[in-house]
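**Q** Protein chains in written order, with the numbering used here: chain A, 1 to 443; chain B, 444 to 886; chain C, 887 to 1059; chain D, 1060 to 1232.
Below 20 Å or equal to it, Euclidean Cα-Cα: the simulated EDC-like pairs (lysine to aspartate or glutamate) are:
| no. | chain 1 | residue 1 | chain 2 | residue 2 |
| --- | --- | --- | --- | --- |
| 1 | C | 1014 | A | 288 |
| 2 | A | 3 | B | 792 |
| 3 | D | 1187 | D | 1202 |
Cβ pair distances, simulated, as ranges:
| no. | chain 1 | residue 1 | chain 2 | residue 2 | range |
| --- | --- | --- | --- | --- | --- |
| 4 | A | 385 | B | 811 | 50 to 60 Å |
| 5 | B | 636 | A | 201 | 33 to 43 Å |
| 6 | D | 1207 | B | 558 | 37 to 47 Å |
| 7 | A | 376 | B | 701 | 22 to 32 Å |
| 8 | D | 1165 | B | 811 | 32 to 42 Å |
Source of the hints: derived by calculation from the structure; they are not laboratory data.
These numbers were taken from a predicted model, which means no experiment stands behind them.
Heads up, the beta-carbon is just placed ideally off N, CA and C, and yes, glycines get one too.
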Amino acid sequence: MFKKILIAGRGEIAVRIVRACRELGIASVAVYSEADRIARHVQLADEAHLLGPAPARESYLDAGRILAVARRCGAEAVHPGYGFLSENADFAEAVAGQGLTFIGPPPRAMRMMGEKTAARRAMQAAGVPVVPGMVQVLASDDEALTVAGQLGYPLLLKAAGGGGGKGMRLVAGPHDMAAALRTPSPALSAPVRRQLGEAALTVVRASGYVNAGTVEFLVDRDLNFYFLEMNTRLQVEHPVTEAVTGIDLVKAQIRVAAGLPLGFRQEDVTARGHSFEARIYAEDPDNDFLPSLGTIMALREPQGPGIRVDSALFAGMEVPIHYDPIMAKLVVWGADRAEAIARMRRALDEYEVVGVKTTLPFHRHACSHDGFCRGEIDTGFVAREWPAIRPSRVETELAAAIAAAVVERRTRCRQVLAPSGPARACRASMWKVVSRRQGLRKI
Amino acid sequence: MFKKILIAGRGEIAVRIVRACRELGIASVAVYSEADRIARHVQLADEAHLLGPAPARESYLDAGRILAVARRCGAEAVHPGYGFLSENADFAEAVAGQGLTFIGPPPRAMRMMGEKTAARRAMQAAGVPVVPGMVQVLASDDEALTVAGQLGYPLLLKAAGGGGGKGMRLVAGPHDMAAALRTPSPALSAPVRRQLGEAALTVVRASGYVNAGTVEFLVDRDLNFYFLEMNTRLQVEHPVTEAVTGIDLVKAQIRVAAGLPLGFRQEDVTARGHSFEARIYAEDPDNDFLPSLGTIMALREPQGPGIRVDSALFAGMEVPIHYDPIMAKLVVWGADRAEAIARMRRALDEYEVVGVKTTLPFHRHACSHDGFCRGEIDTGFVAREWPAIRPSRVETELAAAIAAAVVERRTRCRQVLAPSGPARACRASMWKVVSRRQGLRKI
Amino acid sequence: MPTEYRVRVGDREMLIDLTEVDGQLRLALDSAPLAIDLAEIGESRRFSVLIGQRSYMVTVRRQGGSTDQCYTVAVGGQSYDVDVEDERSRALSRLARPHHGEDELIVKAPMPGLIRKVLVKPGDAVHKNSHLAVLEAMKMENDIRCPRAGTVKEVRVVEGQTANLGDVLMVIG
Amino acid sequence: MPTEYRVRVGDREMLIDLTEVDGQLRLALDSAPLAIDLAEIGESRRFSVLIGQRSYMVTVRRQGGSTDQCYTVAVGGQSYDVDVEDERSRALSRLARPHHGEDELIVKAPMPGLIRKVLVKPGDAVHKNSHLAVLEAMKMENDIRCPRAGTVKEVRVVEGQTANLGDVLMVIG
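Excised from the complex, chain A in its bound form (with noise of 0.2 Å):
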């Protein structure tokens, strides 16, 4: 097993990594840029490099200085996490040529599925089926056009080079449904889904892969699938996967990285209850889910049984201008489907996330949605459900109202007493404001 991993990555994912590491007695190694010096996987880890300015061109992104950091602090192995360079072939080349282990699949298997119009080609010769129509590359808008035509609407493009999602683009935040509408879906049958193993696995050895990765298939309504393309790394709902079969997959990648077996064969895995994700992002989800940066002034997560939060959040935390704007990831589990979403509700209930907007109310009342509840979504409902369901704020206004005026004659009543009088004295009358009595007034 390696002594030591560079962890090439930030955010809930490094923080993630890290925690994996330390499991396996391996000791983590974090790079930061300087926007993150004091960010959680920095605080977590063993040890901490610098890598250069806040654009991820010049720090996350650069795999010159990535390398240059695993030489001088003796790492074994480097783990790209998601995102960032983690699906850059050429980066886990030049890691493999450092004489160090690239923890994920081989780069030929990344070449081929990288380049998705390739890869549908390829995956097309093997026998699997692949959209009718979706091998073209489209080198135009014109040409996009005609092909829509043909195809019929409503279409989802995908960016041939994207990766992370960013060249996807249906509707504002579909990253938020995306882990909702995975494992198990209600939509689709034991039969269906044990055809699509078959076929991911199909997929899996035509492109001679090893290391963890992710098949996506588009269903139609008539349950027909189709493949999509692989992400050649640890996919970001990878704790969805985890919840439900009890597999640490990020340890599981380390291990079969350093030659070892992975412990378990495919018939020991089981599933048991059911899953969901919600990806907090630092995001307006009342002002068109734009970003929205700021200071953390106050932080709860929530905890308690079924619960898992994978987070690079902490009191005092700037959230930097300069990254992908993920910052937590909150997953439940239950015994059942219905279990599972009262839990996740609980667990929302509870997130709270003061001084950034983020996606928290969004996933609060999708959650409280019957549909959602029921299963029935596509990638058009952020666009048609979120302005019909936002919640009511009627209930918490008066609590803040109220609480303002308080702070506001706090502040009125210092100014008058302090710097020379007893301010403190002032407070201590103020706060312990009670005016229970009988007879008043309750709401």
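Following the hints, put chains B, C and D in place on chain A, whose structure we already have.
**A** Chains B, C and D alone, transformed into the frame defined by chain A:
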């Protein structure tokens, strides 16, 4: 199902019951003493009602005040948690006398099991093996010494009417280890476990027991087992059972109390993987596990895969002097015992409570202890091993010294410049403390 | 000490009266007494508030850069802008407040970010949905569009500059 | 500004030299330069400290009630009492410090709590393990015993009083 439940307790267990209520769509009512106005269960519950002054007999042990709140708020059921009135049959009867449901066993079963010596006699009559000679009430110290001579040392003494482990004295901190001895102990073979299960069912049937409870057996070196007692309440370490079975025991308690089916049968209950619980007490392991008070200055609780935290802690909390010092429970799950221990170690490393001494350092070092990891422990473990395995502190002393020196310098600098001078400028230049230069000494 | 506050939150406006009696605060909402209990967690401007017996966690933050009496208040997963005006300042401000043109439109930054492009200059005629500027934040370029037709009166930012949430970018006449 | 500090933590004593160069602090430990990087989290007296490249989270708290230069520092799950003395104050304090009897024993409260019983009075002879007082905390009564034989010189608490951690209860001569 109930619409509203009053939770007659405080601390982490009250928080845990609030969560179960919320997942079932039931309104939760917290009660609190004057010392607990901002406690976590008050923060999280839907409603909160003042009971009375800080001493428990005037608040959490005052059945009259609790029932008055239950009437006033319109609760339909009362969950007693553990401790306080949870094993008090008179309270259970008084709740029923108000037309409310007590979420726990029938008072008759509570009475039978509450008097431990009588319980042992009854179980002996029902054919359950009891410890030889352990059905005697020891009226005096002299009699105890005589009986002790007959039985042979070491002995475990339990007060006949004691609850919550308070009457049990063998060694400081036995509660810290109890949970580690449970499901499934590596010392027990499968046939012995099955026999234990059957004996437990005999106990339950003989006492007319309904709702959650725990039957305790003593097991000797030859794997003979003897009925010790039954805890007629939710067990403090119930999350361990929840982790391996996937069953939410508190929700099951509430369902049974509401007359609803459990939703599972004995044969549906399957165990997966391995689980441990560490109880975080406000006690100082370096000072004989004596209670430690203070204010939580900073808090970071562990997260990530396989981790569950049930906690009453928050930054700004003052640990009250009046109640049991249990603050939080850390529960880990792993696919096997080794993974569970590795997770526990990792989670304990992440767990940071600043401002109050806790049992965390003890747990950390217990988990690094070879004998403990192999399951070779007994009730003498703490007294025997803790002095020997106390942490070496050299590694972190330097970080402490440097941070204190820098804060001291900042304070002086501020005193010189403030209030008229630009204190901020002083600080700004101080806090970008960087002396990373080539050729500097590294440690 | 003034005791009556006019508080605006969302679309609601209410009168909150705070009176100290025997060292404790009494509260009246729109002249009717209301049972509340408010306790601070540490010195964090974070409060446990009981209204009647309903329990709320509330975090209060004074808005920097604006007037003294504007707060951002987080409660129940929502964040509110709350204006608190005591009746005396209200009277004063009514006298002092200059008249703003009713038909002036202030275009503010919808999020903090880097001004990548400024697409108009003073005097330009703009239509509804005209592109005014491009703001970059977290790897995304965001179009700033004009909510109605008019003429650009002022441009307060330049390309390459960073803007905070709510900073005035332009004034449309 | 003094730049050299004598720091005591546990059984160790070290010299830490802090010098400002070009707006940045340089640190030397026992006269040898050391690569450190220290960044505060918000204004919380909580720091991310890198020594070499090793990462530590450190929380610093000034001890109330004692001298200015005593800190409680939490790091790596441990809590340390750290004395920081600058060389100038050290020189001053050496002159000013009164001589304490070497054989005097200060009995301090091992935890905060309520003094339930005081079992000795000044002048009493005490043995090793003599019961001196009973301190109640969190439903438990804790015996305060005498670590060695001697005579009670002072009793500084009375029954019914609360004591904080480290408060002096008695002096044994």
